[in-house]
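> The primary structure of each chain is shown beneath.
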Amino acid sequence: MDREALFRKKILGQLTPAEESSLSALFQGDPDAQEEFQEFQAVMAAVIEGEKAELKEFLNRIEKEERKVIPMRWMSVAAGLVLLIGLSYIFWPKPNTSDLYGTYFDTYPNVYLPITRNQIGEDSLLSVAFFQYESGQFEKSSQSFLLYTESTDAKDEVNFYHAMSLMQIGSLAQAKDILDSIDNPDFDYADEVSWYRSLILLKNEQEEEAISALIELKNRGSSFKKEEIEALLEKLVANRN
Amino acid sequence: MGSKEQRLQERLRKDDKQALKEVYLTYKEDFWAFFVSRNIPEVDLEDIYHEAVVAMYQNFVLKQLILEKASLKSYLIAIGKNKVLTKYKEEKRITFMESVSDVSEEVEEIEVDLGPEEQKLQLAQAYQQMGDKCRELLKLFYYRGFSIKEIVVETGYKDENTVKSYKSRCLKKLKETIRMYHG
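Sequence order for the protein chains is A and B. The numbers in my numbering rise by one with no breaks, and the one at position 112 of the first sequence is 112. The numbers in my numbering rise by one with no breaks, and the one at position 70 of the second sequence is 70.
If you are wondering where the hints come from, they were derived from the structure by calculation, not from laboratory data. Incorrect hints may appear among the rest.
With beta-carbon atoms standing in for the labels, derived distance ranges [to be verified]:
| hint | chain 1 | residue 1 | chain 2 | residue 2 | range |
| --- | --- | --- | --- | --- | --- |
| 1 | A | LYS235 | B | VAL36 | 39 to 49 Å |
| 2 | B | GLU42 | A | ARG73 | 40 to 50 Å |
| 3 | B | LYS172 | A | SER21 | 51 to 61 Å |
| 4 | B | GLU29 | A | MET75 | 13 to 23 Å |
| 5 | A | LEU84 | B | GLU90 | 31 to 41 Å |
| 6 | A | GLN206 | B | GLU42 | 52 to 62 Å |
| 7 | A | GLU228 | B | VAL36 | 50 to 60 Å |
| 8 | B | GLU176 | A | LEU26 | 19 to 29 Å |
| 9 | A | GLY13 | B | ASP47 | 32 to 42 Å |
| 10 | B | GLU42 | A | LYS64 | 11 to 21 Å |
| 11 | B | LEU121 | A | GLN34 | 19 to 29 Å |
| 12 | A | ARG73 | B | GLU90 | 33 to 43 Å |
| 13 | B | LYS4 | A | ARG73 | 16 to 26 Å |
Partial list, derived from the structure: chain A residues whose beta carbon lies under 10 Å from chain B [unchecked claim]:
| hint | residue |
| --- | --- |
| 14 | ASP2 |
| 15 | LYS9 |
| 16 | GLY13 |
| 17 | LEU15 |
| 18 | ALA18 |
| 19 | GLU19 |
| 20 | LEU23 |
| 21 | PHE37 |
| 22 | MET44 |
| 23 | VAL47 |
| 24 | GLU51 |
| 25 | LEU55 |
In this text the structure is predicted, and so the values were computed from the model without any measurement. No residue lacks a Cβ here, since even glycine has one placed at the ideal position from N, Cα and C.
Could you put the whole structure together from the sequences, leaning on the hints where they help?
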C-alpha cells in the first residue's frame with residue numbers, strides 16, 4: 001500500500017494493526033513523511049469540508065423544493081375541495097323552498113273580533129267563526145267564514161281571516177284566491193296579506209314570485225314581520241345563486 | 001435488511017446524490033417523530049437532521065460503510081442522537097441530553113480532526129474556489145479513495161501520468177489558497 005493510501009486510512013481511523021505499524025515505521029524512517037502526512041490531512045480536510053458545505057446546500061435546496069411542493073399539494077387538495085363543494089352545490093338537492101313555508105308560517109292572532117261570551121249574539125255566525133278560529137278549530141272556522149262571506153258582503157278583514165283559516169287546513173289555493181282579491185295597499189292588513197301570499201307562493205315553489213312580493217313588502221317599509229322578511233329574502237336569494 | 005435498502009446503501013457509497021435525496025425525504029418524518037417525542041425543540045431539528053444526513057452520507061462515501069445489522073433509519077437516528085448530545089452538552093441543556101441518551105446504540109462517526117471551526121470554513125472555501133476539474137480530481141482521490149489507476153478509468157484522462165501531473169497542479173493551487181488563509 002502506498003503512503004497516501006495509508007495516510008487516508010489513518011485519517012479515517014481504518015488502519016489495521018499491521019498498517020498502523022507500517023505507518024509508524026514510515027514516520028520513523030523518513031523525516032519528510034510526517035510533513036507529507038500533515039499536508040495530506042489538510043487537503044483531505046479541505047475536500048471533506050468543501051463537500052460537506054455543498055451537501056448542506058443540496059439539502060437546503062431539497063427542503064426549499066419540498067416547501068414549494070407541499071403548499072402545491074395543499075393547494076391541489078383545496079382546489080379539489082372547492083370543486084367538490086361546487087359540484088355538491090350543483091347536484092346536492094337545494095333546500096326545498098316549500099319547507100320555508102313551515103318555518104315561517106304561524107297563526108295570525110284574532111285581533112279583529114276578540115271574542116267574549118257576551119259578544120256572541122248579533123252577527124253570531126261571524127262571532128262563531130272567530131271563536132272557532134281563536135280556539136284552533138280551523139276546519140270549522142273555514143266553513144263558518146265561508147257561510148258568512150257567501151251570505152254577506154263581508155269586509156276584507158273577515159275575508160283575511162277566512163284565508164287564514166284555509167291556510168291552517170292546507171287549502172292554499174283557495175286561501176290565495178282570497179288573498180289575491182284583497183291584496184290592496186290601502187287595506188289595513190295589506191302587509192299581512194302580502195306576507196301570507198308570499199308564503200303560499202313559496203309553498204307552491206314559485207320562488208321568483210315570492211322574492212318579488214317580499215322585496216315589494218320590504219320596500220314598502222313593512223313593520224310587520226320585518227326581520228322575518230329580511231331573513232327569508234336572504235335565504236331565498238342565497239338559494240337562487 | 002431488504003434488498004431495496006441494500007441497493008440504496010450501494011448507491012450512497014457511490015456518491016449518488018439522488019440516493020441521498022431519497023434517504024433525506026424517506027426518513028425525515030420518522031427522525032422528527034423520534035426527537036419530538038423526546039422533547040427536542042422542533043426549531044433545532046432541521047439543522048440536526050441536515051447534519052445527521054450529511055454525516056451519514058459522508059460515512060458511506062468516505063469509509064464505504066456497509067450497514068449489516070442496523071437499518072438506514074436507525075443509523076440516522078443514532079447519528080442524530082450523537083448530534084443532539086453534543087449540541088446540548090455544549091449548551092449545558094441536560095434535560096435534552098437525558099431524554100436522548102436512553103438508547104444505547106452506538107455509532108462510529110467520522111470525525112477527522114480538522115482543527116477549529118474557523119479553519120474548517122477556510123478549507124471548505126479554498127476547495128470550493130477551485131475549478132470544477134480540480135475539485136473532481138481531488139474529490140475522487142481524497143474523498144472517494146480512488147487510486148490514480150481508477151481515476152484514469154473513471155475519467156477521460158489519457159493515462160496515470162497525466163492524472164498525477166494534473167493532481168499536482170491542483171494541489172499546488174489549493175495549498176497556495178490554504179497558505180493564504182493561514183498567513
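> Determine for every hint whether it applies to the structure shown.
Hints and how they fare:
{"no.": "1", "hint": "LYS235/A - VAL36/B: 39 to 49 Å", "result": "holds (47 Å)"}
{"no.": "2", "hint": "GLU42/B - ARG73/A: 40 to 50 Å", "result": "violated (20 Å)"}
{"no.": "3", "hint": "LYS172/B - SER21/A: 51 to 61 Å", "result": "violated (32 Å)"}
{"no.": "4", "hint": "GLU29/B - MET75/A: 13 to 23 Å", "result": "holds (21 Å)"}
{"no.": "5", "hint": "LEU84/A - GLU90/B: 31 to 41 Å", "result": "violated (51 Å)"}
{"no.": "6", "hint": "GLN206/A - GLU42/B: 52 to 62 Å", "result": "holds (60 Å)"}
{"no.": "7", "hint": "GLU228/A - VAL36/B: 50 to 60 Å", "result": "holds (54 Å)"}
{"no.": "8", "hint": "GLU176/B - LEU26/A: 19 to 29 Å", "result": "holds (27 Å)"}
{"no.": "9", "hint": "GLY13/A - ASP47/B: 32 to 42 Å", "result": "violated (25 Å)"}
{"no.": "10", "hint": "GLU42/B - LYS64/A: 11 to 21 Å", "result": "holds (18 Å)"}
{"no.": "11", "hint": "LEU121/B - GLN34/A: 19 to 29 Å", "result": "holds (26 Å)"}
{"no.": "12", "hint": "ARG73/A - GLU90/B: 33 to 43 Å", "result": "holds (37 Å)"}
{"no.": "13", "hint": "LYS4/B - ARG73/A: 16 to 26 Å", "result": "holds (25 Å)"}
{"no.": "14", "hint": "ASP2", "result": "holds (8 Å)"}
{"no.": "15", "hint": "LYS9", "result": "holds (9 Å)"}
{"no.": "16", "hint": "GLY13", "result": "holds (8 Å)"}
{"no.": "17", "hint": "LEU15", "result": "violated (12 Å)"}
{"no.": "18", "hint": "ALA18", "result": "violated (19 Å)"}
{"no.": "19", "hint": "GLU19", "result": "violated (14 Å)"}
{"no.": "20", "hint": "LEU23", "result": "violated (16 Å)"}
{"no.": "21", "hint": "PHE37", "result": "violated (12 Å)"}
{"no.": "22", "hint": "MET44", "result": "holds (5 Å)"}
{"no.": "23", "hint": "VAL47", "result": "holds (5 Å)"}
{"no.": "24", "hint": "GLU51", "result": "holds (6 Å)"}
{"no.": "25", "hint": "LEU55", "result": "holds (5 Å)"}
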